[in-house]
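Asks: Below, each chain spelled out in residue letters.
2 protein chains.
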Amino acid sequence: MHSFEELQEIFNNEIDRYSPAVEPENLQKPVVYTLGMGGKRIRPVLLLMAAETFGGKYQDAIPAAMAIEIFHNSTLIHDDIMDEAELRRNQTTVHKQWNLNSAILSGDLMIIKAYEQLNQLNSNKINQVLTVFNKIAAEVCEGQQFDLDFETDDEVSLSDYKKMIRLKTSVLLAGSLKIGAIVGGADTDNAKKLYCFGENLGLAFQLQDDYLDAFGNTKSFGKKIGGDIAANKKTFLLLKALELAKGAYHDELTSLLGNNSISESEKIESVLAIYEKLGIKSLTEDEMKKHFEKAIEYLEEIDIDEKYKDGLYELSKKLMGRQT
Amino acid sequence: MHSFEELQEIFNNEIDRYSPAVEPENLQKPVVYTLGMGGKRIRPVLLLMAAETFGGKYQDAIPAAMAIEIFHNSTLIHDDIMDEAELRRNQTTVHKQWNLNSAILSGDLMIIKAYEQLNQLNSNKINQVLTVFNKIAAEVCEGQQFDLDFETDDEVSLSDYKKMIRLKTSVLLAGSLKIGAIVGGADTDNAKKLYCFGENLGLAFQLQDDYLDAFGNTKSFGKKIGGDIAANKKTFLLLKALELAKGAYHDELTSLLGNNSISESEKIESVLAIYEKLGIKSLTEDEMKKHFEKAIEYLEEIDIDEKYKDGLYELSKKLMGRQT
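If you read the sequences in order, they're chains A and B.
So for the first sequence, the numbering used here puts the first residue at 7; every next one is plus one.
So for the second sequence, the numbering used here puts the first residue at 7; every next one is plus one.
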């Protein structure tokens with residue numbers, strides 16, 4: 007079995023070797039550009055790890071890992087249009103570097119190219135893998151639409167929010183693991199448990215993202231603290247606070263959200279003070295911990311020798327260790 | 007075997023029965039809305055016909071026909087964004103009825119939903135069908151990008167143009183037929199010939215579209231005459247004229263293209279006069295005829311009893327008979 011880092015290197019070499027057609031340039035270049043932006047390749051590498059966990063060869067799972075990464079990148083291109091983002095990983099986004107039309111079309115092409123990869127899998131696995139892939143890919147679209155809808159929806163509940171992050175973030179992680187398990191030869195029950203492991207790990211990871219925006223430190227988080235607060239983003243923290251706040255706190259919080267006359271830093275500071283009073287920090291930690299422990303329980307339940315799970319245990323801890 | 011009209015009705019019933027998920031509404035409703043806009047369903051019905059031509063059951067080919075139609079409609083949603091179109095089949099386009107984000111996402115979802123259909127095919131056909139589908143779907147994106155690029159490219163040649171319409175229009179028609187043939191049990195050689203039949207029929211059909219814009223009559227064409235000329239659209243007619251025109255004609259034609267001070271009807275009249283002098287009408291007719299005859303030759307070469315080809319012969323003539 008290979009370590010995460012080894013599989014990451016192997017996978018990065020595959021991405022570097024990947025060459026779609028050359029023409030038309032305004033369609034094909036954005037594909038290479040986007041895949042070349044880098045990133046940790048968590049999903050495809052987890053997929054390869056899952057395949058090895060069940061005794062499969064990572065080589066047999068490479069097309070599926072490529073499919074997941076290419077699909078994931080197609081959603082990044084289209085999400086960047088919707089978010090009007092100008093930068094991704096410090097590089098100009100496709101719709102800014104080229105234009106809206108090239109960004110739409112190259113994203114479309116990448117969805118198709120993901121399926122082209124899946125069609126290179128061993129043919130007795132294709133049916134099963136496609137079933138998982140189609141489901142999670144559709145769910146990612148659903149999650150993104152819910153996320154967009156939430157921006158203008160004043161009635162978002164905590165459970166709506168968790169449903170949205172599950173669809174937008176967790177299922178792709180979970181599905182990557184499940185597809186890896188299928189290719190590696192896992193039985194249905196084990197593949198399902200690995201999916202649930204990934205689903206809960208994904209939720210914990212996304213909650214950690216919300217958490218770090220408010221309680222992280224700029225250096226290890228790599229982003230400015232309070233960005234979500236400044237943007238009125240409906241995170242777990244804000245929704246939990248709105249749920250818990252009564253009377254004066256509730257009025258103060260809602261008036262802060264609608265207040266454009268105070269400075270960004272003032273707003274962040276005031277919202278953080280309310281979070282402090284409501285105990286949002288430890289409530290969020292509890293929620294993260296709950297999902298992380300649930301993930302680990304599923305991993306423990308998988309019916310294979312413990313030694314094959316070492317890589318996944320380690321990686322889970324690493325993914326959840328960003329606040330330290 | 008069923009007639010085109012019978013299969014059209016069968017297929018329309020399938021489309022009516024098709025129900026994706028309900029939530030989120032801003033994602034799912036555009037899917038139902040777009041598929042419900044109607045249309046002749048030429049591609050999916052040709053696919054079903056092709057399956058029957060080779061002794062297959064149309065029922066077995068329904069998922070593939072659905073896949074083709076759903077994919078085709080996804081491209082319509084995204085093309086309408088790129089063309090900034092407000093109407094399609096007299097109904098508000100998705101990006102106008104909802105918004106850009108819903109239009110991008112619902113188009114994405116429909117690509118995935120197309121593959122969901124393909125995964126319902128008999129599993130011993132999936133690999134082969136996916137190979138064809140992935141290729142033509144990617145080519146449709148390429149064709150659309152070339153079409154966009156041509157708008158601002160002053161060096162478009164006739165062969166560039168034919169390559170573009172082949173990718174944008176013909177391959178989906180050809181691929182539908184080939185997929186139908188595969189599902190119906192055709193051998194590789196016959197499936198390939200049916201593809202070539204469709205490719206040439208698609209080219210003839212698109213050239214006819216260009217032709218009717220200049221030389222059709224409003225009543226049977228259903229659109230205003232001269233729309234392409236008014237928009238400086240680089241059609242076969244214009245590119246052929248630019249290729250043939252020498253000296254004074256060439257100068258007149260290029261100056262007409264850049265002239266915004268004359269009325270639309272004056273421009274159309276003047277360009278048509280040049281087309282007349284250069285014999286563009288009969289040259290385009292020759293080109294249409296060449297591809298139509300090539301299509302028929304491929305159909306003749308297919309190694310099955312002639313009686314099974316009747317439907318395809320008839321339909322070809324019908325598709326090419328719009329000018330009468």
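Hints listed in this document are in silico derivations from the structure and should not be mistaken for laboratory results.
Among the hints, erroneous ones may be present.
Pairs involving identical chains hold if they fit within one copy or between any two copies, as the list cannot separate such chains.
[To be verified] With a cut-off of at most 30 Å between alpha-carbon atoms, the simulated DSS-like pairs for lysine-lysine come out as follows:
| hint | residue 1 | residue 2 |
| --- | --- | --- |
| 1 | LYS239 | LYS102 |
| 2 | LYS198 | LYS131 |
| 3 | LYS169 | LYS35 |
| 4 | LYS35 | LYS313 |
Asks: For each hint, tell me whether it holds in the structure or not.
Replies: Structure-based check of all given hints:
Both within a single protomer and between protomers do LYS239 and LYS102 lie at most 30 Å apart by alpha-carbon distance, with minima of 24 Å and 26 Å respectively. For a Cα distance limit of 30 Å, the shortest separation of LYS198 from LYS131 qualifies both inside one copy, at 16 Å, and across copies, at 27 Å. Taking CA atoms no more than 30 Å apart as the test, LYS169 paired with LYS35 passes between copies only; the shortest distance there is 20 Å, against 35 Å inside one copy. With identical chains, the CA atoms of LYS35 and LYS313 are never at most 30 Å apart, being 43 Å at best within one copy and 48 Å at best between copies.
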